[in-house]
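Throw the hints in and build the complete structure from the sequences for me.
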Amino acid sequence: MTAMAHTAARPRHVTPVRLGRIVGKVAIYALLIFWAFVSLFPIYWTFSTSFKKAANVMKGHLIPWIDYVPDWLGWRSLGLSPDTLFNTSTVRDEFLNRFENSVIASLSASTLAVVIGACAAYGLSRFEYKFGPMKNKDISFFFLSQLILPPVVLAMPFLVLYKELAFLDTRIGLILLYTLMVLPIVIWIMRDQFDTIPIELEQAAMVDGCSVWGAFLRIVLPIALPGMVAAFILSVILCWNEYFFAALLTSTHAKTLPVMVASQTGSQGISWWSMAALSAAAILPLIVIGITLERYIVKGLTAGSVK
Amino acid sequence: MQDVSTSPGSIARTAPDRAVAGTWLIAVASILFAALVLAQSLYKAEVIGWGFETWRPIALAYVGWGVALALGMVWRRGIEGHKSLFVLPAVLFTVAMVIFPTFFGLYIAFTDWNLSSFEGRRFSGLKNLYALFADPYYWNALGNMVFYVLTVLVQYAIAFGLALLLNAEIKARKFFRVAFLLPFMLSPVAVSWMIGKSLLEYRYGPVAKLARFLGWDSPAFFTSPWVAKTSIAVMDAWVWIPFIMIMLLAGLQALPKELSEAAKVDGASKWQSFWQITFPLMLPVSITAIVLRIIFQLKLADIVINVTAGGPGGATDTVSSFIFREYRDRSNVGYGTMLAEFYLVLIIIFITLLLSIANRWVKKTQ
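These protein sequences, in sequence, are chains F and Y.
Here the first sequence stands for residues 1 to 307, where the numbers follow our numbering.
Here the second sequence stands for residues 1 to 366, where the numbers follow our numbering.
It is worth saying that the hints were derived from the structure and are not from the lab.
Note that this is a predicted model, so its numbers are computed, not measured.
Please note that a few of the clues may not be correct.
Claimed, not checked - Result set (DSS-like, lysine-lysine): computed pairs, CA atoms no more than 27 Å apart in a straight line: (1) Y/364 / Y/270; (2) Y/171 / F/25; (3) Y/44 / F/163; (4) Y/44 / F/25; (5) Y/174 / F/137.
Unchecked claim - Chain F regions said to be covered by chain Y (calculated; three or more residues, Cβ under 8 Å): (6) 20-33; (7) 52-62; (8) 78-92; (9) 97-110; (10) 161-170; (11) 290-298.
From the three backbone atoms N, C-alpha and C, an ideal C-beta is built for every residue, glycine too.
Here it is, written out as structure tokens:
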């Protein structure tokens, strides 16, 4: 905007080349602001709608305090507004239970995946294996190929398998499945990470008397920590958002937050404020992670794509 | 753990009796595990009277067998055994979680099994496969997948534009990058409500209001087939564009600066230098991003399930959402699994072709 005012104020002194550059700058910022608006508006909309009343929704009010008076309506229906926070609320109990399930499932699955994935990635990056006809390349491909497997293929067998194992509707069942889901991604990121660490470091450590595992745990892992954090955070995001398996394999005990959000979507009708509050509560942790740990997410997403 | 192999530079020098013990350990553990599985299967088949209520102890036994295998490997092969410990957990885990379900799934696919009927599982041969070929809704869903996969190219174009913008000399780059990335973090289910069910809502949704203001009299985003399909594609793009964008941005930042400067000195216009220098150099990253994105796109389901449930008349259905409904609403397990396995075969063929074409293309341009 300032650049525009600038050109309008002194048009005669500006050469065509500079004018072109300024127009270019304005266009770049206009596009950037436009896309930032596209990206952020739905999020803003969700948070602001959770403070609206029916009339505000119908009239399409957008800006709090100017258009409409914020109200705790949506959060009250979840039992999370200031006045209901200390009362008993069955909705809040359900919500907190789902929230807890989501937290435990995604954190445990990510931890498990990072632990076994980092070990496997290290092995594949450093040693020569031969499991029957399978060599390193084939083993890597075996892990990565799991990425192609669509959830629908595993859904039914898992339903039956989990029924036999008494894992249906348990957190442990969900954790194992989510670990399987993110393991290829973790291995992909960690292999990229280990490939960048010079092998001489471990060789020196082994000359000094470290065992293979000692060199891995004491020398390599601390250097690879950023990659592990990146893999962990990406895994947490993917697990937190997972819906398909959770919808099929859980019912009362281990239901996760996305399943709760989905089951409310149909039934709530026009009481948008409570849906908005629920959605907002479901995405809030991710937004916090996204803003504070963006560096690691970018690191995780770009692993292996740029050589 | 204190065996000889940990001493520096030693090459798998283990005591022979240790190696023998390792072999024995693996053999005994394997026999025990196999016996347990056999006994439990016989119990479940009601041949013998003793066994576990569920298969859960067998899962624990599998873990135990894994530990014995690991220990045996170390005893038997020393430092080589230590090295194999790195991949063993991941391999055992993946094998247990994938191999069994895949084969079991193949078996289910050839049975007539509906959870809501009393008859239980019956082998039905190729009946499900014939039904699949005659099912117009399945082929319709596959057709939709072609459309959804093609939208990846549009997403790629937009993402490339955004990556170029972020790579330009701008202020507040960090803010824009975080803002652009946020949609990718959100759960598709929440997005279904946020955008599909409220922003695009016919009566009160702000986007519908804007559309009315711009002259579209009845902005119904999910009632006519192509509009509905496009709306789903837009939502999907909103979530996934950041993913492609971040990969492309990393690629742009890794490009050597001298090249574009040299082009500028030579008097090439920005347009020319993009098409002749930047774009060809970005080809490998672009192909990685597009292939990964297509792999994820083939699993598209959450948004469709929650916004349109495949409607209107199957216009927005993806294969995954169609099979999801087959499972959940019709409990048609056998048929649904056949659909899924058939889809998997198609995916494998498609991805293999895609990868080989991509590889050849990259080689040709380099």
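TODO: Any hints from earlier that this structure breaks? Give me their numbers in increasing order, please.
DONE: 4, 5, 8, 9
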